[in-house]
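Undergrad: Listed below, chain by chain, are the residues.
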Amino acid sequence: MEPIYLDHAATTPMHPNVIKKMNDTMRDVFGNPSSIHHFGRSARAILDDNRRYLAQTIGADEKELYFTSGGTEADNLALIGVALANQNKGKHIITTEIEHHANLHAAEYLESIGFNVTYLPVDEAGYVNPSDLLNYLCDDTILVSIMLINNEVGAIQPIKDIAKLLNGHQAYLHTDAVQAYGLLNIDVNELGVDLLSVSAHKLNGPKGIGFLYAQKDVKFNALQYGGHQERLKRPGTESLPSIVGLRTAIQQIEDNKYSNFKLYSRYRDLFYQRLKESEIEFMVNGNIDQLAPTILNLSFANTKVESLLMSLDLEGIAASSGSACTAGSIEPSHVLTAMYGADHPNTKNSIRFSFGLANNEDQMIEAAERVIKVVKRLTGN
Amino acid sequence: MNENKNIRVVVGMSGGVDSSVTALLLKQQGYEVIGIFMKNWDDTDDDGFCTATEDYDDVIRVANQLDIPYFAVNFEKQYWDKVFTYFLEEYKAGRTPNPDVMCNKEIKFKAFLDHAMSLGADYVATGHYAQTRVNGDKVELLRGFDQNKDQTYFLNQLSSDVLKKVMFPLGHLDKSDVRRIAREHGLVTANKKDSTGICFIGERDFKSFLSEYLPAQPGRMETMSGEDKGSHDGLMYYTIGQRQGLGIGGSGGPWFVVGKDLDRNVLLVESGDDNIYLKSDQLIAEDVNWINEPESETFDCTAKFRYRQKDSHVKVTILSDRRVRVDFKEKESAITPGQSVVFYSGDVCLGGGTINEIYRDQKQLDYVG
Numbered sequence: 001m002e003p004i005y006l007d008h009a010a011t012t013p014m015h016p017n018v019i020k021k022m023n024d025t026m027r028d029v030f031g032n033p034s035s036i037h038h039f040g041r042s043a044r045a046i047l048d049d050n051r052r053y054l055a056q057t058i059g060a061d062e063k064e065l066y067f068t069s070g071g072t073e074a075d076n077l078a079l080i081g082v083a084l085a086n087q088n089k090g091k092h093i094i095t096t097e098i099e100h101h102a103n104l105h106a107a108e109y110l111e112s113i114g115f116n117v118t119y120l121p122v123d124e125a126g127y128v129n130p131s132d133l134l135n136y137l138c139d140d141t142i143l144v145s146i147m148l149i150n151n152e153v154g155a156i157q158p159i160k161d162i163a164k165l166l167n168g169h170q171a172y173l174h175t176d177a178v179q180a181y182g183l184l185n186i187d188v189n190e191l192g193v194d195l196l197s198v199s200a201h202k203l204n205g206p207k208g209i210g211f212l213y214a215q216k217d218v219k220f221n222a223l224q225y226g227g228h229q230e231r232l233k234r235p236g237t238e239s240l241p242s243i244v245g246l247r248t249a250i251q252q253i254e255d256n257k258y259s260n261f262k263l264y265s266r267y268r269d270l271f272y273q274r275l276k277e278s279e280i281e282f283m284v285n286g287n288i289d290q291l292a293p294t295i296l297n298l299s300f301a302n303t304k305v306e307s308l309l310m311s312l313d314l315e316g317i318a319a320s321s322g323s324a325c326t327a328g329s330i331e332p333s334h335v336l337t338a339m340y341g342a343d344h345p346n347t348k349n350s351i352r353f354s355f356g357l358a359n360n361e362d363q364m365i366e367a368a369e370r371v372i373k374v375v376k377r378l379t380g381n
Numbered sequence: 001m002n003e004n005k006n007i008r009v010v011v012g013m014s015g016g017v018d019s020s021v022t023a024l025l026l027k028q029q030g031y032e033v034i035g036i037f038m039k040n041w042d043d044t045d046d047d048g049f050c051t052a053t054e055d056y057d058d059v060i061r062v063a064n065q066l067d068i069p070y071f072a073v074n075f076e077k078q079y080w081d082k083v084f085t086y087f088l089e090e091y092k093a094g095r096t097p098n099p100d101v102m103c104n105k106e107i108k109f110k111a112f113l114d115h116a117m118s119l120g121a122d123y124v125a126t127g128h129y130a131q132t133r134v135n136g137d138k139v140e141l142l143r144g145f146d147q148n149k150d151q152t153y154f155l156n157q158l159s160s161d162v163l164k165k166v167m168f169p170l171g172h173l174d175k176s177d178v179r180r181i182a183r184e185h186g187l188v189t190a191n192k193k194d195s196t197g198i199c200f201i202g203e204r205d206f207k208s209f210l211s212e213y214l215p216a217q218p219g220r221m222e223t224m225s226g227e228d229k230g231s232h233d234g235l236m237y238y239t240i241g242q243r244q245g246l247g248i249g250g251s252g253g254p255w256f257v258v259g260k261d262l263d264r265n266v267l268l269v270e271s272g273d274d275n276i277y278l279k280s281d282q283l284i285a286e287d288v289n290w291i292n293e294p295e296s297e298t299f300d301c302t303a304k305f306r307y308r309q310k311d312s313h314v315k316v317t318i319l320s321d322r323r324v325r326v327d328f329k330e331k332e333s334a335i336t337p338g339q340s341v342v343f344y345s346g347d348v349c350l351g352g353g354t355i356n357e358i359y360r361d362q363k364q365l366d367y368v369g
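Sequence order for the protein chains is A and B. So the first sequence is numbered by the working numbering: it starts at 1 and just counts up by one. So the second sequence is numbered by the working numbering: it starts at 1 and just counts up by one.
The hints are simulated quantities; they were obtained by calculation from the structure and are not laboratory data. Misleading hints may appear alongside valid ones.
[As the list claims (entries may be wrong)] Facing chain B, according to a computed beta carbon distance under 10 Å, are these residues of chain A, among others: (1) E306; (2) S307; (3) S311; (4) L314; (5) V374; (6) R377.
[Claimed, not checked] Chain B stretches covered by chain A per the calculated footprint, using a threshold of three residues with CB under 8 Å from any CB of chain A: (7) 77 to 88; (8) 110 to 119.
Beta carbons: idealized from backbone N, C-alpha and C, even for Gly.
Start from the sequences and build out the full structure, keeping to the hints where you can.
TA: Right, here's the structure in full:
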């Protein structure tokens with residue numbers, strides 16, 4: 001039985017070009033970009049070239065990019081770094097109930113050291129209402145952090161509208177673009193954000209690399225100390241092969257003019273259509289016409305998420321529930337809880353399918369057939 | 001061997017050596033083996049440490065050594081509702097419950113079994129030291145080969161229909177063999193210490209654990225004739241026949257718990273292990289389960305009144321659907337309400353029930369609690 005990977009929102013396979021370029025870099029360029037000899041200089045030249053390229057993919061200046069170990073670190077650096085550097089201006093932060101834990105747990109930490117955090121609610125489709133922001137925004141607010149695409153249900157948040165509302169206010173606007181980068185063509189100026197987090201492994205790049213964009217006037221503290229790399233904001237010898245990997249991954253997408261968006265849409269629609277033609281009972285969490293095409297979060301009535309995930313895995317379907325589980329504790333998804341309220345059945349019977357590079361059209365029908373089989377068995381039909 | 005490859009067996013893996021070897025043996029026999037860890041209790045402390053997380057890590061490591069898929073499933077709610085609530089109720093009533101019996105009945109061989117079946121399993125397997133034997137269209141439960149580890153006492157509430165879906169691959173092995181097999185195959189759990197005590201309490205002090213859930217009410221200790229013998233910490237901390245921890249000095253010892261007066265919150269003690277107050281010759285058990293329906297209303301067999309006790313000869317009389325009278329061939333000592341009485345015919349475990357009333361010379365011993 002061919003395993004079918006429908007968990008691209010968790011991580012993606014690396015593109016062959018990414019692997020090749022990373023291999024070339026590992027083999028050919030081992031110098032430390034900070035060294036002042038020939039080996040260092042050639043590494044530094046490649047680093048700068050990649051930084052420049054990556055910066056222009058989001059309409060930023062190369063001096064506004066800070067390489068990190070990935071999305072989690074970028075989110076932490078944005079939230080904690082901004083909070084610590086701006087606490088003289090206020091101690092209030094606004095985020096949402098549906099952020100990634102990299103954001104939420106950083107926010108909880110900030111609360112523990114004396115900051116006030118407001119968690120904006122979302123509607124049943126998973127969207128933040130920009131006018132809610134105005135209810136909570138105050139003189140003390142120093143940072144607003146709202147994700148661009150939600151990783152569990154795929155809801156694309158109205159960041160532009162939020163940015164407009166913040167015009168003239170001291171608060172910086174951060175967005176976690178981990179699910180969006182490489183899917184939407186992002187321009188930070190058009191979007192109106194001051195900070196933006198990116199991770200490479202969601203777009204067929206390597207794990208362990210990402211960046212934080214911070215507009216040049218944004219004040220934020222480093223969270224670690226060491227050498228002069230990343231203009232002191234993120235010390236540590238740069239992982240050049242990983243950075244080259246990130247660049248190659250996004251370049252692949254840019255060169256194809258973001259056609260992946262269309263392709264993954266097609267995958268999702270094939271899968272969804274086949275399920276709709278079957279007699280199994282399910283609903284989409286979110287508004288399917290307004291979702292990122294890579295993510296489809298479905299609730300299957302009268303099933304349990306634990307049994308669903310295990311049964312799907314045994315049928316060779318790799319999917320996930322939005323919620324992380326450790327040693328058998330599957331917490332109901334905080335995103336679905338925010339959408340529907342605590343104890344709503346959808347928080348405990350929903351599965352996220354996410355589409356991408358590892359898929360092809362034939363797989364979508366096959367995957368849907370297997371899902372139908374499992375759901376029928378679990379619901380006794 | 002190859003005919004087993006289409007048979008899906010879900011193994012309950014706890015992260016201990018027994019269930020690790022269970023999975024190993026089934027894998028060697030060619031079955032399609034799936035390991036599932038059950039999380040029934042959350043003991044996460046302030047540092048975020050949780051025994052279950054550590055144990056599940058061991059399950060993952062062993063499953064990867066065996067190249068089998070693994071999952072974790074959460075039964076905390078079922079465990080709380082069906083096992084822990086019963087456990088507290090029994091202690092509140094002054095009795096000595098047997099949560100392992102209830103856990104097998106309600107969790108391992110019900111919730112877990114159902115879950116495994118929903119995954120398309122043909123069988124579930126556990127690392128219990130017990131055996132099954134097909135007899136016509138019935139399945140019998142047999143003692144484990146290692147008499148010292150035999151766990152049929154705790155499995156007395158299972159039915160033949162459940163046992164049809166169950167495998168006990170360690171049933172024919174000695175514990176020492178199990179350790180040896182684990183070491184020979186380099187399983188990471190080969191030298192892991194066996195868990196002791198009740199699973200949710202773990203290595204902790206039983207008294208302090210219980211006091212978190214039930215308020216302790218200290219009171220007096222008295223002999224059956226009313227002589228004051230000092231104070232006790234709370235009736236729930238004591239069981240019938242207990243000798244340790246009474247702290248009664250002076251001559252005339254050793255002293256034993258013989259009963260509990262719940263109304264007066266008095267612990268009843270007497271000296272000498274052959275004292276008559278500990279003795280009985282008959283009991284009534286309730287919630288009786290027969291693994292296979294007995295053929296007659298009255299029969300002779302052997303019985304255990306506590307885990308790891310030697311068998312005693314008894315005569316069983318079925319009173320009603322789930323209620324039996326048990327007459328002992330010889331007087332027994334320290335029969336305890338709340339514990340299981342489990343019946344055997346030779347090596348076959350017939351079933352069992354909960355000890356509810358205790359009699360001596362046709363008089364009910366109401367002082368036992």
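Undergrad: Tell me, in ascending order, the numbers of any earlier hints that this structure violates.
TA: Of the numbered hints, just 7 does not hold.
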